[in-house]
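Visitor: Residues 1 to 133 (the numbering used here) are what the sequence shown spells out, left to right.
Don't read these hints as lab results, they were simulated from the structure. Treat the hints with caution; some may be incorrect.
[To be verified] So the derived label-pair ranges between C-beta atoms look like this:
hint	residue 1	residue 2	range
1	R4	E98	25 to 33 angstroms
2	D11	T89	14 to 22 angstroms
3	P107	T55	20 to 28 angstroms
4	R12	T84	28 to 36 angstroms
5	R12	T62	26 to 34 angstroms
6	D15	T84	26 to 34 angstroms
7	G10	E49	35 to 43 angstroms
[Stated by the list, open to error] Heads up, simulated DSSO-like pairs for lysine-lysine below, C-alpha to C-alpha not over 30 angstroms straight-line:
hint	residue 1	residue 2
8	K113	K28
9	K113	K25
10	K100	K113
11	K5	K28
12	K100	K72
13	K25	K5
Positions of the beta carbon are idealized from the N, C-alpha and C atoms, including for glycine.
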Amino acid sequence: YLGRKLVEMGDRLFDRIPLGRGIYKAIKQFLNTVAGDSEKSFRRVVLVEFPSPGTYVLGFVTGVASGEVQAKTEEQVLNVFVPTTPNPTTGFFFMMPERKLTPLSMPVEDAFKLLISGGVVVKESLDKTPPQP
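Please build the complete structure, drawing on both the sequences and the hints.
Guide: Here is the structure:
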């Protein structure tokens, strides 16, 4: 009960601050999404070549770009969130052609563990090298 009242007070306070209101609502929505079911928010794990050729980071497909973005690019563009380590609530948002992403079979939960630990925590399933064709 007390926690809910404090959150409501915080909501009312930030609603009165013009710039703070937008930032607060965006952060709150993101945290609610991440704290909720991340399997639905972050649909699948991909490798993104970033920030330079030959360097890769983990990214999460969050959806398909739509409307004007698809029309202007004339190809399948996906929304990809690339979190920073060790705080995955911050990161980069990219709209990337699907052909430039490398899909991984890694579960979303395992990818988050790997990111938060800075690569220290690696599950056995992630440590296995897939067979070469």
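Visitor: Does each hint hold? Answer for all of them.
Guide: Now the hints, each set against the structure:
no., hint, result
1, R4 <-> E98: 25 to 33 angstroms, "42 angstroms, violated"
2, D11 <-> T89: 14 to 22 angstroms, "19 angstroms, holds"
3, P107 <-> T55: 20 to 28 angstroms, "23 angstroms, holds"
4, R12 <-> T84: 28 to 36 angstroms, "31 angstroms, holds"
5, R12 <-> T62: 26 to 34 angstroms, "30 angstroms, holds"
6, D15 <-> T84: 26 to 34 angstroms, "29 angstroms, holds"
7, G10 <-> E49: 35 to 43 angstroms, "40 angstroms, holds"
8, K113 <-> K28, "22 angstroms, holds"
9, K113 <-> K25, "26 angstroms, holds"
10, K100 <-> K113, "24 angstroms, holds"
11, K5 <-> K28, "16 angstroms, holds"
12, K100 <-> K72, "17 angstroms, holds"
13, K25 <-> K5, "17 angstroms, holds"
Violated hint: 1 only; the structure is consistent with all others.
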